[in-house]
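Asks: One line per chain: the protein sequences are A and B, in this order. Residue numbers are given in this note's numbering: position 417 of the first sequence equals residue 958, and the series is strictly consecutive. Residue numbers are given in this note's numbering: position 57 of the second sequence equals residue 61, and the series is strictly consecutive.
Derived by calculation from the structure, the hints in this document are not laboratory data. We put the CB at the ideal spot given by N, CA and C, even for glycine. Treat each hint with caution, since some may be false.
Derived lysine-lysine pairs resembling DSS-like cross-links, with alpha carbons at most 27 Å apart [stated by the list, open to error]: (1) A/K631 - B/K37; (2) B/K37 - A/K754; (3) A/K881 - A/K941; (4) A/K941 - A/K868; (5) A/K940 - B/K37; (6) A/K659 - B/K37; (7) A/K754 - A/K868; (8) A/K868 - B/K37; (9) A/K584 - A/K953; (10) B/K37 - A/K929; (11) A/K631 - A/K784; (12) A/K881 - B/K37; (13) A/K953 - A/K929; (14) A/K938 - A/K963; (15) A/K665 - B/K37; (16) A/K954 - B/K37; (17) A/K624 - A/K584; (18) A/K940 - A/K929; (19) A/K784 - A/K754.
Residues of chain A placed beyond 12 Å of chain B at every Cβ, according to the derived structure [claimed, not checked]: (20) K784; (21) S832; (22) P962.
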Amino acid sequence: ASINCRVTSCLFSFIQDWVYVWSDIISTVEFNYSGELLATGDKGGRVVIFQHEQESKNRPHLRGEYNVYSTFQSHEPEFDYLKSLEIEEKINKIRWLPQQNAAHFLLSTNDKTIKLWKISERDKRAEGYNLKDEDGRLRDPFRITSLRVPVLMPMDLMVEASPRRIFANAHTYHINSISVNSDHETYLSADDLRINLWHLEITDRSFNIVDIKPANMEELTEVITAAECHPHQCNVFVYSSSKGTIRLCDMRAAALCDRHSKFFEEPEDPSSRSFFSEIISSISDVKFSHSGRYMMTRDYLSVKVWDLNMENRPVETYQVHEYLRSKLCSLYENDCIFDKFECCWNGSDSAIMTGSYNNFFRMFDRNTRRDITLEASRESSKPRATLKPRKVSTGGKRKKDEISVDSLDFNKKILHTAWHPKDNVIAVAATNNLYIFQDKIN
Amino acid sequence: MLGRGVKRKWSCLEEAEVVSEARQLVLGLCLEKLQRYQAGVELSLRRSVLLINTLRQIQEEMRSDGVGSCDVHPDSCLLRDDFREDVTVTCPGCSEGESPPELPSQEANGSDQQKPPAAVSDAVNAMGYLGDLALDDIFEDIDTSMYETSDLPSAWASGSLPQSHSTAGSLQSCLMDLNELDHIMEILVVETHLVGPGLQNGFSL
Chain A
542 ASINCRVTSC LFSFIQDWVY VWSDIISTVE FNYSGELLAT GDKGGRVVIF QHEQESKNRP
602 HLRGEYNVYS TFQSHEPEFD YLKSLEIEEK INKIRWLPQQ NAAHFLLSTN DKTIKLWKIS
662 ERDKRAEGYN LKDEDGRLRD PFRITSLRVP VLMPMDLMVE ASPRRIFANA HTYHINSISV
722 NSDHETYLSA DDLRINLWHL EITDRSFNIV DIKPANMEEL TEVITAAECH PHQCNVFVYS
782 SSKGTIRLCD MRAAALCDRH SKFFEEPEDP SSRSFFSEII SSISDVKFSH SGRYMMTRDY
842 LSVKVWDLNM ENRPVETYQV HEYLRSKLCS LYENDCIFDK FECCWNGSDS AIMTGSYNNF
902 FRMFDRNTRR DITLEASRES SKPRATLKPR KVSTGGKRKK DEISVDSLDF NKKILHTAWH
962 PKDNVIAVAA TNNLYIFQDK IN
Chain B
5 MLGRGVKRKW SCLEEAEVVS EARQLVLGLC LEKLQRYQAG VELSLRRSVL LINTLRQIQE
65 EMRSDGVGSC DVHPDSCLLR DDFREDVTVT CPGCSEGESP PELPSQEANG SDQQKPPAAV
125 SDAVNAMGYL GDLALDDIFE DIDTSMYETS DLPSAWASGS LPQSHSTAGS LQSCLMDLNE
185 LDHIMEILVV ETHLVGPGLQ NGFSL
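Given these sequences and hints, build the entire structure.
Replies: Below, the structure is given as structure tokens:
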């Protein structure tokens with residue numbers, strides 16, 4: 542069925558707005574709660590924050606642009622002397638805290654250490670000190686003949702980022718997730734085998750709430766792949782595994798949440814079993830819907846939406862790139878089968894988005910069941926032109942404008958995407974390029 | 005009639021061959037990936053676990069098909085935490101006196117690994133090679149209990165897995181030289197000097 546994608550009526554009529562080019566691979570993208578700020582982390586440990594500007598007269602039909610607001614080095618490479626191994630400075634995840642005052646706070650993490658950063662603005666400075674000059678030099682006390690009151694004068698806006706807390710030494714394994722709790726006081730961090738609960742004010746202690754490390758490591762068959770706090774119930778969180786299961790835990794039930802309250806797993810289809818069944822069932826991302834009623838999981842080939850009240854199967858399944866199922870062996874050979882794609886909801890939970898290969902990303906409308914494939918590429922679209930839907934040809938005959946599976950570039954992978962919490966503005970990270978797309982407003 | 009009978013037999017064989025070939029390919033890839041090791045970079049535990057599970061699945065299938073008598077258990081030798089206790093254990097299946105499993109080609113890579121002592125003795129035990137050499141005695145004084153590995157042992161990482169009989173041919177090329185063993189022992193001596201009393205484990209486990 543063809544997708545009728547007229548500009549005025551379709552949910553997915555996005556235009557390419559901005560492209561930012563990095564020197565490093567972007568490793569995480571996240572809007573803040575209002576959508577005013579967009580944070581990105583990269584492989585070099587840097588964080589770049591973009592801010593939404595007001596609409597300008599030059600662009601009456603578009604929302605404001607996102608401009609660079611602040612850049613700082615969040616993590617540096619470290620060396621673990623105990624294991625003679627380097628600890629990468631790559632930012633795995635960034636999560637914003639809800640804004641409580643003029644400053645903005647975010648958590649950023651690499652494999653081992655989580656940091657709380659404060660980003661604040663300074664647009665005034667005091668002038669007219671008595672004891673020192675404007676350039677800071679001390680005034681000669683004998684020259685001071687009168688007292689003056691320093692005055693606050695406007696200055697060019699300066700955005701400062703300072704590390705306020707460093708949460709270190711609590712993870713033996715690689716941190717894959719952080720999630721701020723709805724109580725705004727605690728957050729969880731998850732590595733391959735353990736999940737810890739932290740208080741934002743306390744850095745030298747954390748509670749271990751999940752531990753799946755077996756006494757005998759030889760028995761290890763499953764690892765934690767992602768974890769998230771429930772958006773409204775501060776006692777509930779979920780974590781996904783490499784075996785395609787999701788466990789929902791209630792922190793009121795016990796101090797150690799090794800026993801789940803709910804266990805989500807879809808029974809395997811025996812007809813599609815292969816050597817790679819387990820690998821492709823491994824969940825790479827889990828996200829609650831904004832409503833808190835559903836959660837979405839991403840495995841290698843599909844995205845599944847689960848109703849929290851139904852554990853035995855998902856309520857919706859969307860195929861991201863089913864045409865890769867016959868190519869699993871090659872993808873296993875070139876390691877692509879281990880790629881971890883993320884997924885996200887739009888603000889109203891009516892649509893979901895996830896990335897694919899060849900710089901393609903996919904969107905699914907949950908109500909109309911329509912889906913679209915778009916490409917994040919500078920060559921393929923003119924600025925301000927509506928993005929053309931892409932199609933991968935699976936059959937023998939390739940239509941015009943379609944691309945065959947064998948021509949897909951598996952080095953161009955879109956692992957990280959983010960959707961503005963209110964508007965139809967999306968951020969897509971394609972290796973070292975950040976694309977910001979928005980839909981046209983009439 | 006004869007023709008039909010022969011035809012059926014061949015297609016069955018063909019199918020089994022295709023499956024077995026696919027299995028061999030994936031098995032080979034599994035082992036290759038487990039062996040691949042980048043010095044100084046920690047392996048992804050998720051990737052390693054998925055690879056091992058795939059390997060086990062293939063071996064299960066092979067066993068149930070009656071293909072290999074080799075009970076290859078990569079986990080028991082290699083997914084270990086506390087080396088000291090397990091140093092003398094050989095993995096089940098290796099003690100059955102099967103064809104010598106592949107030796108680690110990890111000497112070049114393992115030079116800056118944290119656990120060469122256990123890794124080497126572990127690999128050696130798995131191999132059965134130089135089994136009578138009292139390597140355990142040499143490494144007895146090295147206390148590895150103060151820290152735990154956050155990763156699977158280097159020996160396993162480098163793929164010191166007992167090979168199934170079908171790949172025995174390639175094993176010969178991977179036998180460790182005595183020279184290389186000397187090299188490792190040199191490094192071990194250096195390593196023990198590096199691990200001093202000043203280092204602290206800050207993990208809250």
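Asks: State for each hint whether it applies.
Replies: So, going through the hints one by one against the coordinates:
no.: 1; hint: A/K631 - B/K37; in the structure: 23 Å, holds
no.: 2; hint: B/K37 - A/K754; in the structure: 23 Å, holds
no.: 3; hint: A/K881 - A/K941; in the structure: 31 Å, violated
no.: 4; hint: A/K941 - A/K868; in the structure: 23 Å, holds
no.: 5; hint: A/K940 - B/K37; in the structure: 38 Å, violated
no.: 6; hint: A/K659 - B/K37; in the structure: 42 Å, violated
no.: 7; hint: A/K754 - A/K868; in the structure: 33 Å, violated
no.: 8; hint: A/K868 - B/K37; in the structure: 18 Å, holds
no.: 9; hint: A/K584 - A/K953; in the structure: 16 Å, holds
no.: 10; hint: B/K37 - A/K929; in the structure: 39 Å, violated
no.: 11; hint: A/K631 - A/K784; in the structure: 26 Å, holds
no.: 12; hint: A/K881 - B/K37; in the structure: 18 Å, holds
no.: 13; hint: A/K953 - A/K929; in the structure: 18 Å, holds
no.: 14; hint: A/K938 - A/K963; in the structure: 41 Å, violated
no.: 15; hint: A/K665 - B/K37; in the structure: 57 Å, violated
no.: 16; hint: A/K954 - B/K37; in the structure: 21 Å, holds
no.: 17; hint: A/K624 - A/K584; in the structure: 22 Å, holds
no.: 18; hint: A/K940 - A/K929; in the structure: 15 Å, holds
no.: 19; hint: A/K784 - A/K754; in the structure: 15 Å, holds
no.: 20; hint: K784; in the structure: 8 Å, violated
no.: 21; hint: S832; in the structure: 30 Å, holds
no.: 22; hint: P962; in the structure: 30 Å, holds
Of the hints listed earlier, those the structure fails to meet are numbers 3, 5, 6, 7, 10, 14, 15, 20, in rising order.
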